[in-house]
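> For what it's worth, the working numbering labels the leading residue of the sequence shown as 1, then goes sequentially.
The set of hints was computed from the structure by calculation and includes no laboratory data.
Computed from a prediction, not measured in an experiment: that's the story for all the values here.
Mixed in with the good hints there might be a few duds.
[As the list claims (entries may be wrong)] Computed beta-carbon distance windows for the label pairs:
#1 Glu28 with Glu201: 27 to 33 angstroms
#2 Glu268 with Ala345: 18 to 24 angstroms
#3 Leu324 with Ala47: 33 to 39 angstroms
Every residue, glycine too, gets a C-beta built ideally from N, C-alpha and C.
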Amino acid sequence: MAAMTEAWIAGVGLPRSTVRQARRAEDEGWDGIGLVDSQNLAADPFAELALAASATSRILLGTAVTNPITRHPAATAAAIATVHAESDGRAVLGIGRGDSSLAHLGLSPAPPAVFARYLERLQGYLRGDEVPFDVDADGRGRVATSEALGMAGGPAASRLHWLSTGLAKVPVDVAATGPRVIAVAARTADRITLAVGADPERLRWAIDVARTARRQEGLDPDGLDLGAYVPLVVHDDRARARTLVSGGVASFARFSVMHGEVAGPLDEGGRRALAAVHDSYDMNRHFTHGSPQSVALTDDVIDAFGIAGPPSYCQERLLALVELGITRIFVLGGGLGIDRDEARASRQALVETVLPALR
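All chains should be built: construct the whole structure from the sequences, respecting the hints.
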């Protein structure tokens with residue numbers, strides 16, 4: 001890719017598997033690996049990333065992504081700062097509003113206002129600041145304050161006292177789809193990785209939302225560090241490639257219609273297809289090939305939200321994203337349940353013929 005463009009790959013942390021995943025990704029030349037944080041579906045990403053840190057020397061290590069509900073911001077900051085220290089400064093904290101991690105607790109994604117407050121406090125902890133107490137920091141507020149204990153003394157604010165590693169601050173990378181979260185990220189985060197698809201028109205819309213938010217906040221709109229999540233399968237047969245990528249596309253396309261209203265530009269046929277994804281979505285088959293939501297997709301929607309086809313086609317599509325100012329591409333595979341041999345061949349072609357041609 002262009003000199004400043006990072007190539008990341010998604011991973012699922014599993015005991016005795018993550019270290020192999022990270023070593024493989026580093027050997028293949030990826031710039032980063034991100035582990036999902038979904039406690040009912042995968043192992044703890046921070047523990048697994050710390051293990052990966054000891055087994056690698058170059059690759060960046062991130063969450064893809066954590067959320068503002070299952071951990072207090074101090075706990076999240078301490079966890080990723082630990083990975084940062086153990087990896088000698090290679091950690092990135094990827095965070096979104098929450099999806100499968102919360103669905104498996106019977107919860108919806110955090111509201112944008114709750115997310116914004118969480119990000120502000122998280123950034124304070126990662127800077128080493130004293131952060132004012134907030135008993136509702138995780139949006140739940142079910143615990144009494146420490147004043148109820150009648151102690152003679154105690155901390156007046158909250159800070160990570162051990163955070164003195166001499167390393168640069170852990171960057172916070174927000175996964176964003178809708179205009180309110182994109183705006184929050186533009187004002188608060190160090191990076192934004194857009195989950196709006198791989199269509200240039202949709203990405204231009206999202207980038208404009210981010211630039212406008214920074215301008216309104218008195219920040220430099222050119223100061224954005226932008227990435228894109230891209231479900232991608234390399235296969236010489238485009239029809240087969242679309243089928244293989246459909247599980248990943250369905251899960252990410254759903255973010256653009258999470259609450260029933262489509263975010264961003266999309267033609268009428270695409271809107272109908274997203275409505276079908278929304279109405280048929282089965283979280284028990286999240287990110288799964290052959291799920292009801294994956295078969296609800298049309299070819300046009302698959303092409304708008306993912307990239308699927310021969311190496312030259314994938315190269316062309318990725319270069320179009322780089323030309324928009326995307327400096328980080330986060331590659332997701334086709335999802336669970338696809339043929340292992342085809343998944344292996346797709347990744348090999350991606351590593352050997354697609355990514356090198358774009359560097």
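> Please go over all the hints and tell whether each is borne out by the structure.
A quick look at each hint next to the structure:
1. Glu28 with Glu201: 27 to 33 angstroms: Roughly 31 angstroms apart at Cβ, these two residues keep to the hinted range, so it holds.
2. Glu268 with Ala345: 18 to 24 angstroms: 36 angstroms, violated
3. Leu324 with Ala47: 33 to 39 angstroms: This hint holds: roughly 36 angstroms between Cβ atoms.
In this structure, only the earlier hint numbered 2 is contradicted, and the remaining ones agree with it.
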